[in-house]
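Q: Chains as they are written, first to last, in my numbering: chain A, 9 to 314; chain B, 9 to 314; chain C, 9 to 314; chain D, 9 to 314.
Quick caveat, the hints were computed from the structure, so don't treat them as lab data. Watch out, some of these pointers could steer you wrong.
No copy is singled out in the list; a pair is fine if it fits within one copy or between any two copies.
Stated by the list, open to error - Under the rule of at most 27 Å between Cα atoms (straight-line distance), these lysine-lysine pairs were calculated in the BS3-like manner: (1) K275 - K181; (2) K196 - K181; (3) K44 - K23.
Protein chains: 4
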Amino acid sequence: MSSRPSTYIMEWLSKSLAVLYGLEEILYSGRTRYQKVDIVRTKDYGLALVLDGLLQSAEIDEFIYHESLVHPVMLTHPNPREVLVIGGGEGATIREVERYGGVESITMVDLDGELIDIVREKLPSWSQGAFEDRRLKLVISEGRSFLESQPDESYDVIIMDATDPVEWGPAAKLYTKEFYSTAYRKLKRDGLLVTQASSLSHSLRTYLSIIRTLGEVFPKTCGYSVYVKSFASIWGFAVGSKAGLPSELSGGEVEERIRDRGVRGLKFYSGRIHEALFSLTEALTRNWGAETLILTDEKIESGIQL
Amino acid sequence: MSSRPSTYIMEWLSKSLAVLYGLEEILYSGRTRYQKVDIVRTKDYGLALVLDGLLQSAEIDEFIYHESLVHPVMLTHPNPREVLVIGGGEGATIREVERYGGVESITMVDLDGELIDIVREKLPSWSQGAFEDRRLKLVISEGRSFLESQPDESYDVIIMDATDPVEWGPAAKLYTKEFYSTAYRKLKRDGLLVTQASSLSHSLRTYLSIIRTLGEVFPKTCGYSVYVKSFASIWGFAVGSKAGLPSELSGGEVEERIRDRGVRGLKFYSGRIHEALFSLTEALTRNWGAETLILTDEKIESGIQL
Amino acid sequence: MSSRPSTYIMEWLSKSLAVLYGLEEILYSGRTRYQKVDIVRTKDYGLALVLDGLLQSAEIDEFIYHESLVHPVMLTHPNPREVLVIGGGEGATIREVERYGGVESITMVDLDGELIDIVREKLPSWSQGAFEDRRLKLVISEGRSFLESQPDESYDVIIMDATDPVEWGPAAKLYTKEFYSTAYRKLKRDGLLVTQASSLSHSLRTYLSIIRTLGEVFPKTCGYSVYVKSFASIWGFAVGSKAGLPSELSGGEVEERIRDRGVRGLKFYSGRIHEALFSLTEALTRNWGAETLILTDEKIESGIQL
Amino acid sequence: MSSRPSTYIMEWLSKSLAVLYGLEEILYSGRTRYQKVDIVRTKDYGLALVLDGLLQSAEIDEFIYHESLVHPVMLTHPNPREVLVIGGGEGATIREVERYGGVESITMVDLDGELIDIVREKLPSWSQGAFEDRRLKLVISEGRSFLESQPDESYDVIIMDATDPVEWGPAAKLYTKEFYSTAYRKLKRDGLLVTQASSLSHSLRTYLSIIRTLGEVFPKTCGYSVYVKSFASIWGFAVGSKAGLPSELSGGEVEERIRDRGVRGLKFYSGRIHEALFSLTEALTRNWGAETLILTDEKIESGIQL
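Just need the whole structure built from these sequences, with the hints factored in.
A: Structural data, given as C-alpha cells:
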C-alpha cells in the first residue's frame, strides 16, 4: 500500500468516468477573486495548474496543447501582425505567439490578474519570460466585454484559451453565436479565430456544437484535435475563418511557413504532425457521431445541458 | 447522486493513476480455467470484454485497436499467405486478417478455449463470423510452446495479441528475446512480426523495451501507436521485420495496397491514418523518453519490475 | 496491482465522501419492475444485496442491523401479537419477529415480489425459512396505500424497513407526518412504530428530522443507533410510541423479557447492548448537532433537499 | 458536478476497501525529517491531521478517540501520579491526562519535534495549551529506546499513541512482546499500559494480536473499541495491567471516580459510555473472529503480513 500516493485529484471526464491522479506535493493552494488555484506536483504529469479542481495544463504536455492551439491558425494566416489572446493565464499561449517575428502586437485579456501573478512566480517554465515581451499588452478584464469595446477590424488572429463552456460557467458566453459575431467583426480581412473546444473523446457533443456554432457566423470552419495525456483525452480545437483554413494547408506548406517565418523552439508541432492531427480527427469524428446544437446566449442563460 | 452509476471498474494505468468507469450492466461474469471473464456494458465505451479486471476491448473502439494491430504489417509484407495469430480470443484480429483475399491459411493459437466460446456467443459483433472462415485453423494451446513445435519458415506474418508483459504474468514469456528468436526462425523471407506493446502513454518503458528487445533479434524494427479511448491511453505496437517496415510505407502506398489487395470494410485505417500514427508516435516518444531494458526469460523469471 | 479487486461499488455516503468496496463475484445482476438488483460477494462484507447501487445488507452484519431494528420495540411492547412489517424484502426482519412465540400474525408488505423471489433463492441465509412461517401473511403492495386500507387499531407493532427518504425517492412518503398519522391510527393501545432512520454519522439531519416528525404525531419518541460496518456508518432508528419507549427499558429488563418471551438465537442484541446503543447515540447526537425539519408530503413533493 | 470537491484523500481501509474523502482546503503541506505532514480542512470531518497520507485525527471526533484512549486506564489506576505518553504529537493525549489534578508528572516522548511545532501552531484546538502545563516533560526521542533507558518502576500509567504496526513501519517495534516486557518493568505496582490497537472493523487480526501479545507479558489484559467516524472504523484499544482492568469497572464506579478526581471538560466519556464500549466490543469480536499471532521483534524484522 505504501507505494501509492494518498492525495488524489478526482476529475470526472463524463458522468460515469472519473480519473484519479496522485499528487506528490501541493506547491500552492489558494483562491483568487475568481477561482480556486492549486499548483501541484503530480506523479504522472509533473507540475500542473489546477483551477476549481480541473487540471488546466501540466508540465509533461502543456506544449502539446499550446502549440496545437496556436500554430495552425498563425501559420494559415498569410501575415499575422495583430493578435488577440483571450484567457491563457499561464502565459504559454503568448509564448507560442511570440515565436513569430512578424507579429507586431499581442493583446492578452484575462480576467484573473492574481492568477497570472501566481503562475508567473510558481510555474515560470510555462511563460518562459513571455510576459516581458515588449509587443505584449496585458489587459486584466473580462474577454467578451473587452472585445465588444474594440473597434472593428482590429486583429488578424484571435486565440481563445478559456475554460470549458459548462452550463452557467463564467466562460460559457465565450462560445456563443453572439460572441462569435462580435469576434467576426473585430477580425481584419483573412482573419481567423481559434478556440479550444473541449474534449473530443469525452464531450464530443460540445466539440461538434462549437464548430457548428462558428459555422453560423464564419464562412469557413474546421476542427482538429490532439491527444493530451494529462487531460486523459483527445482535445479539440475549432477554427472559424474569413479566408483560409488550417485544414487546407499541406504538411509541406506548414514546414515551409515555419521555416520562412523563423518559428523556432517547437517541441511538438511540425508539418507531419499538422497532417496527422487533421487525419485522426476526421477518422474519430466519422466513427463517433453526436447530435449538436447551436450555442446562443439565450440557451446558455437558460442552462442548457451540454 | 442518482445520475452516476454505482458499479465501476477501477483500472490502474500506473501506480498513481486510476480510471473508474461506470457499468450499466454485467452481461456475463465467470471464470475460465485461466482467467476471470466479465462482459459488461459500460456507460462510456459500450460493450466491453474485461479479463482479470482489465478492459481488453470495447465496442466503441475495438476496430481502432484491431485495425491498427493488423494492417500495417499485412500491407507491408509483399504477399502474406500464411499468417499466425497468437492470442486475440475475441476473434477481431482474425476478422481483420480475413479481409485479405490473398491469405491462404490463418493459424490462431489461444490458450483459453472457454473464453473463445463465451465471446463468440456474447460478443458476436467482434468476430462477425470470423471463426467460420474456412482458411482458419484454431488451436487451443499455449502460444510459445506451439510456436516452438512448428517447422522453421512457416509463416509470412506473426501477429501477437496477448495480454501485457506484467511481471510473472502468464504472457510475459511472449515478449522476451528468446521468444523473438524462435519467432524469427519461424518466419519466411520478408516475414514480419507485430505485437501489441502496452501503453505508450502510461508504460512507456515497457513499450520502448519491447522495441529494443525485438532489435536484438530482427534486423529492422519500428514502433507506432494509436489513441484508444477505452484504454484511456495511446496504445503502442512494435514490429520486427526481416525486410520492409510499415514505417517505410507512405500513405499513398498504403492506399494503393489496400485497393490492390481488395481490403474492404475498414472503419479507421487508411493511408492518411497510417502516416498520422507514425508521425505522432515519433513526436511523443521524442518528448517522453524512458530508460529501457532488454527483456529476457531470465529477467522475467526473476520478476523484474517493468 | 494484482492483489486488489477490479470491480468496485462506489457508494457516496455524503456529497464529499465515497466508499469503494471491492467485489469478488457478481452472483446475480438484474432488474425487477421497481429496481436494479445485484447480489454480490464482496471481499470485506461477504455476500451482499445491492439495490440501485446501494448496499442494503451484508452477510457480515445483517444480523446487527435487523436485530437492532426489531427487538427494541418488540421487547418494549407488553405483549405484541399483531405485527406489520413494511419493506424488509430480504426476509431477515420477519425472521427476527418470528422469534417471538407470542406473536400471532405477521403481515409483511413489500412492493417488489420479484425481489423477494430472487433473495429467497440467492440469499437463503437471510430469511432462514422465515417465509414459510404459518403466521406470516405476505402482501405484495405499496406500503402506504396498504396501511391506509386497513381498519384502525390493527397492529401492536409496525416495523418500517424501507429504503431511505431521499428526495423524490419512492419511499420518501413513508417518512412524512401524514404517513405517521395514518400509522398512529392503525396502532392499538400500547402500540409502537419503529423505522430505520438513515445514517446518523453521514445524514444526521435526516435522522433527527425523522425523530422530530414522529414527535408531531406520537406522544413519545426516541432514537438509537448501531454501528453497521458494511454501511460504513452508525445507522439510526427512530421510534414513536403510544405508551412505553425502548429507551425507558433497563438492560436488566431487556434480559428478563428476552428470557420470559423465549426469544432465542440472537447473535448481537442483549440487555448490555441495549444500554450501549442508547448511551452511545445520546453521546454522539449531543456532540454532532444538526438543524432539523418536519417531513411532510408537501415538502417531499416539492423536492426538499434532505 | 460542481458540488463535489476535486481533491480527495484516498485511504485504503483494507486491500479491497477504500474511502475517498473530499478536501476543502490544504492549510499546510510539508515534510518533517520523519514523515509527510498535511493539515487539511475536510468537508465531512472538519480540520484534520494527515501523516503519510493517513488521517490521524479530525476535529469532529478527535475527542472521542483521545478520551477513549486515556480515561479508562487513568480511572482504573487507584492513583496515577507518574504518566508516560509515547507518541500523541497532536497534544490531545496529554490534554486528557492533564485533567487529573492528582497527576504529578507527565513525560511525553515523541520522535518528531517538527511535527509538534507544526501542530501547535496550526491545530491549537487539539492541545488547548496542554504543552504549557508545568507538569509536562517533553522529550524528542524514539519511544522504545527512551523507555529502555529509564529506571524500572518509573510510571503508573503508560499511554501508547503511536502509528499503526504495519509491517516494516517505524512504529512496529512498539507493539512487540519484547517492547511490552520492557514496559512491564517500567511500570510500578498497579501499573497499566494502554495502546491504540488499530481498526477493529478493518484490521481485526491486528487488534486481536496486540491483545494476545500483551497477554504474553501482563497478567491481565482487555480490549475495547469506539466508533470514530473520521476513521470510518470502530477503533480498538488494548490494555495490559499488573492489577485492575477497565473492564472490571462498572459505569457507576467510573462516574464516581470522574467526580472524585475532579475530571472536568469531558465531551464524550462517561460511566454509561464506558459500559457501552465494553459491551459493544464484546459483541463485535464474538461475531467477527480472526486468527491471531504473537508479535515479536523477529517477526516484525522478517516482515510478517499483519
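Q: Would you mind marking each hint as holding or not holding in the structure?
A: So, going through the hints one by one against the coordinates:
Taking the shortest alpha-carbon separations for K275 and K181, neither the intra-copy value of 33 Å nor the inter-copy value of 36 Å comes in at or below 27 Å. Taking the shortest Cα distances, K196 and K181 sit within 27 Å of each other inside one copy (22 Å), while across copies they are farther apart (62 Å). For a Cα distance limit of 27 Å, the shortest separation of K44 from K23 qualifies both inside one copy, at 22 Å, and across copies, at 19 Å.
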